[in-house]
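Protein chains in written order, with the numbering used here: chain A, 2 to 134; chain B, 17 to 378; chain C, 9 to 276.
Be aware that one or more of the hints could be misleading.
Here are the simulated lysine to aspartate or glutamate pairs, EDC-like style, with alpha carbons at most 16 Å apart [stated by the list, open to error]: (1) Lys119/C to Asp91/C; (2) Lys23/C to Glu200/C; (3) Lys77/C to Glu191/B; (4) Lys103/B to Asp193/B; (5) Lys155/B to Glu200/C; (6) Lys155/B to Glu204/C; (7) Lys154/B to Glu222/C; (8) Lys129/B to Glu283/B; (9) Lys169/C to Glu17/A; (10) Lys77/C to Asp167/B.
Keep in mind the hints are simulated off the structure, nothing from the lab.
Fair warning: this is a prediction, and the values are worked out from it, not measured in the lab.
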Amino acid sequence: MAAAAFERRVLRRAAEHHYLRVRLELPDGGARPNAAQFKQLVVTALRELHGEVGAALPVDVLTYEEKTLSAILRVISSGLVKLWSALTLLGFYQNRRCAFRVLQVKPCGAGWLPPDVSSGSKLGRLPKPTAFS
Amino acid sequence: MLPAQLGRAPRHLLVCERSHARHPRSRHAAHVRDHAYSCRVSFLIPECGVLPEVVKSTIADIGDYYLVRSLPVHELVTHEFIDAFVKKGSCYALSYKTKIDQDNTAALLPNGKLILSVDKGTYEELGLQGRPSRYSGKKVMRYIITIDLTDAGFQPESKKHNRVLWALKEKKPLEFDFLLAWYNTGAEGSTLMSYFSKNQIQALKPKITFSTLRDLQCPVLQSNDLQGKPEESCSTEELFEWLGAVLNQVSLDNKSSSFLSTYCCPEPNTVVEKAFLCTITGFIIPEKIIQLLEQLCSYFSEPKLAYWLTLTVHGFADSPVSWRESEHGFHKGGENLYNFVIFRNLDYWLQMAVGAHDDCPP
Amino acid sequence: MAGFADLNLPQGLDKKSLQSLLDTAAHLGYSAVALNHVIDFKEKKQEIAKPVSPSELFPSLPIVQGTSKRIKVLTRLTLIVSDPSHCNLLRSTSANIRLYDIIAVFPKTEKLFHIACTTLDVDLVCINVTEKLPFYFRRPPVNMAIDRGIYFELLYTPAIKDSTMRRYTISNAISLMQICKGKNIVISSAAERPLELRGPYDVANLGLLFGLSEGEAKAAVSTNCRAAMLHGETRKSACGVVYTVKKPRKVEEEETAVPACKKAKTQA
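Starting from the given sequences, assemble the full structure and let the hints guide the process.
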């Protein structure tokens with residue numbers, strides 16, 4: 002059995018994408034967006050702050066859970082700051098107040114921790130999904 | 017004028033190594049050993065429905081850890097503690113619910129080094145020698161103090177020991193809730209539970225979950241080709257991203273025209289009927305991860321359908337170190353993790369990833 | 009100690025709204041907030057009241073998310089000044105003024121901006137983010153303010169509420185950055201509702217939009233806030249903050265472990 006040759010590669014800024022775990026907060030009792038409306042809201046946020054160039058930024062909604070309004074977004078790394086700031090400054094959904102909470106930002110796919118990790122470990126960085134009015 | 021930062025993403029590093037698990041100079045175990053604080057271990061075995069018994073028992077034996085409330089740091093530098101634990105095995109301690117970019121943080125490494133990462137005010141009050149944090153900016157707001165508890169000059173009643181004890185006990189008493197774990201080969205001696213019985217101590221078990229993923233698209237990998245080739249095999253970065261998607265239950269079969277998401281499994285790929293995914297969460301020490309890694313290597317000692325399997329280990333985001341004593345910062349995510357891809361022939365890939373406030377992994 | 013802080017939560021709200029703001033701030037990871045009492049001299053004669061006592065208002069403070077500490081609540085007074093005479097109050101040693109932890113001034117004219125930066129004994133100078141800048145920032149007063157340890161405050165809530173204000177916020181912030189070079193900036197919310205508050209990392213990311221570097225942006229919600237609080241403490245005691253700690257002399261000083269330099273703490 003021939004031993005494999007040792008090889009090492011160091012990749013700087015290797016990640017083409019960044020990932021954001023987000024949760025949308027809405028006042029109680031209003032309509033909740035479905036997945037398509039959620040994506041539309043993200044695009045709207047980008048357009049409002051960064052115009053058509055922002056709206057054209059490729060963003061993927063990798064997962065979306067309507068019940069908790071939680072999603073994982075993927076964006077090309079050069080668009081991270083734009084997407085993040087657009088979500089932060091979004092204040093309304095269908096003329097009602099809303100807030101995007103960005104729970105995690107990670108450069109690499111596997112770097113990402115599913116939210117259940119917060120229990121038992123000290124990753125208390127993930128706010129629990131409780132709704133605020 | 018628009019700020020230049022808008023199009024820039026934070027720095028991060030991904031280091032990929034390729035070697036053979038049985039090669040005499042392979043560093044895989046050393047890399048695991050050097051990464052002291054892990055909060056989550058997951059492994060994924062394609063084409064596997066039921067775990068072999070040996071792997072199951074290794075998981076069951078992954079070990080308890082302890083949470084001690086309000087433990088004064090000076091208790092970790094007494095010679096009763098050093099002689100009973102630090103010198104008699106591998107002792108791990110990490111302050112709990114402390115944020116590395118905001119709070120004072122403490123960690124005890126198995127080599128007997130106690131690391132205190134403290135803000136400027138605390139540093140000045142303590143009066144112990146340290147160095148400025150590398151990630152604190154031009155105006156230094158954070159300092160790192162490293163105390164070698166096993167140093168020859170750190171004998172009981174030595175000047176050095178007395179000074180450290182006095183600083184931590186009287187000048188600036190520091191206390192934290194600590195996560196603790198201890199690994200020793202001999203079974204005798206006292207236990208953490210009895211040693212800290214006067215403190216509020218709690219034994220915790222790692223949380224283990226199993227799941228079977230059906231009809232999973234898996235990338236095709238060539239063990240001798242980290243970079244992959246179009247039409248032949250996928251690259252190590254593609255695998256890393258795919259793994260993130262799998263661990264987060266992201267759907268892999270989107271079309272490029274899809275409105276919601278265009279992510280899809282890298283090409284080429286094969287569909288496996290079922291894959292076994294196990295996740296362990298807790299304060300998991302490297303010795304146990306090495307045992308698990310060995311068991312996963314032995315998985316291939318009998319013929320298996322799987323061509324490779326993966327073992328992913330996440331470090332604590334708020335740990336003051338990543339590998340060895342390399343300073344670790346949170347920046348925006350605090351990621352420090354590694355992933356093994358173990359191939360059927362025991363070639364392996366090791367991927368180590370850190371964020372903006374880290375040294376390059378070893 | 010250099011946790012995240014939001015130095016501007018309006019004090020004028022009813023107790024229930026304030027409580028929910030406080031809960032949200034703690035939940036988002038802020039370890040300190042300041043309740044802001046605003047006095048606008050344009051609106052008739054205003055008396056400066058004593059600051060509210062946070063401990064009386066909130067018998068039990070919420071725990072900061074992911075920690076075991078409770079959120080810290082400070083008091084802040086903001087004076088909106090549109091005429092030089094309004095500043096007299098600050099020069100007088102009004103007893104009630106000295107009870108506030110932080111004092112901010114919102115100058116409406118260039119002259120008052122100059123006075124605030126160069127002579128007034130304040131901790132924060134508010135920057136207008138809701139309308140077009142009525143004057144240019146000039147280097148001398150801005151540099152003087154930085155030397156005196158005064159911080160400039162930008163608010164982000166107006167930028168969430170209204171797209172015109174969003175434009176002013178960004179453009180005024182960028183104008184300021186060209187002069188102050190990203191130094192001594194504090195970003196606060198002035199949020200009246202939980203849904204207007206944003207998390208500290210989100211606010212730091214917004215700082216990039218305002219032209220701050222990553223380090224400066226994070227400082228704008230953490231270390232700079234702390235420095236402004238310490239500046240306030242110094243002002244309150246009028247002679248610098250000196251912490252005295254009981255120091256039992258049991259151990260000899262000349263050690264192998266060299267004591268760290270003992271600089272004045274107010275420098276932080």
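Hints versus structure:
With a CA separation close to 9 Å, the supplied pair Lys119/C and Asp91/C stays within the 16 Å bound. In summary, the hint linking Lys23/C to Glu200/C is supported, as the alpha carbons are separated by about 12 Å, within the 16 Å threshold. The suggested pairing of Lys77/C with Glu191/B holds, with an alpha-carbon distance near 13 Å, which does not exceed 16 Å. Our distance criterion of 16 Å between C-alpha atoms is broken by Lys103/B and Asp193/B, whose separation comes to about 22 Å.
The straight-line distance between the Cα atoms of Lys155/B and Glu200/C is roughly 33 Å, outside the 16 Å bound, and the hint therefore fails. Taking the CA atoms of Lys155/B and Glu204/C, the gap is near 32 Å; set against the 16 Å cutoff, the hint is violated. Of the supplied pair hints, the one linking Lys154/B and Glu222/C holds, its CA atoms being roughly 13 Å apart against a limit of 16 Å. Distance hint between Lys129/B and Glu283/B is unfulfilled; the C-alpha atoms sit about 46 Å from each other, more than 16 Å.
Straight-line distance between C-alpha atoms of Lys169/C and Glu17/A comes to about 33 Å, which puts the hinted pair past the 16 Å bound. Straight-line distance between C-alpha atoms of Lys77/C and Asp167/B comes to about 35 Å, which puts the hinted pair past the 16 Å bound.
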